[in-house]
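S.K.: Those protein sequences? They're chains A and B, same order as listed. Just so you know, we're using the working numbering here: the first sequence kicks off at 1 and counts up by one. Just so you know, we're using the working numbering here: the second sequence kicks off at 1 and counts up by one.
In silico SDA-like cross-links for lysine to any residue, where the CA-CA straight-line distance does not exceed 20 Å:
no., chain 1, residue 1, chain 2, residue 2
1, A, Lys-44, B, Thr-44
2, A, Lys-44, B, Ala-39
3, A, Lys-44, B, Phe-97
4, B, Lys-76, B, Gly-15
5, B, Lys-81, B, Thr-11
6, A, Lys-44, B, His-38
7, B, Lys-57, A, Phe-105
8, B, Lys-57, A, Thr-102
These are computed hints drawn from the structure, not numbers from a lab.
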Amino acid sequence: EAGVAQSPRYKIIEKRQSVAFWCNPISGHATLYWYQQILGQGPKLLIQFQNNGVVDDSQLPKDRFSAERLKGVDSTLKIQPAKLEDSAVYLCASSTWGGMNTEAFFGQGTRLTVV
Amino acid sequence: GQNIDQPTEMTATEGAIVQINCTYQTSGFNGLFWYQQHAGEAPTFLSYNVLDGLEEKGRFSSFLSRSKGYSYLLLKELQMKDSASYLCAARSLSTGFQKLVFGTGTRLLVSP
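Generate coordinates for the entire structure from the input sequences, incorporating the hints supplied.
M.R.: Written out as C-alpha cells, the structure is:
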C-alpha cells in the first residue's frame, strides 16, 4: 500500500514570496489533515478535510494561508505572502473515516525555510 | 477546547524502562494515540487506546485512564534507536467529524 506522498521535500523562499505544497493521501482515505510543525514542537493542525469539504480550519491564518482538496483526493496548501515565522515542516496526513482505530498516516513532510 | 501536556525531555539508559506521561483535557474524547518521531522524519503510529487499561505491543505498552484524563507510554528494554520524540495525541468527536490534536512531544534520549 502506497503511503502519503508530499512534494516538494524542501523549499527555501524569501519572505513575501508565495509557495505551494502538494499532498496525495492514501487511496480511499476520506480525511486529510495539514499540520504545521515548528522545530521542537508538536504538530499543529492547520486544516482538516472530510472528502472535499473543510471541517476544521480554525487555526489556519486565512489572511495568508489557503488550502483546497479538489475532487476529494489530492490537496494543496498555499502560503501567500510568506513570513519568517512560517519556517516549519508542513505535514500532510490522512485517515479513514469512522471506526475505532483509525490512526492518521503521515507523509514525509515539506521543510520550508523562509529567509 | 483541548489541552495536552507531556514532559519536554527525558533521558534514560539502554536496557532500562521509561514511562512517558500525558495528560489531556478534551471535549468529546474519542481515543488517545501515541506516535514516534525520529529527527527529520514523519511521525509513525505506535499505539491507540480508547478504553481504560493497558495495551501491550512488544516492548511498548500504553495505558489510559479516561476518568483522570491521563495516559502513559511505557518503553521496556530501551535501545539506542528508541531515541526520538514521542507525541501524545487526543482524538475528539465534534459536530460529526474526528479531530486529532497533538501535544508538544517528549524528546527521549537513550544513552549507552
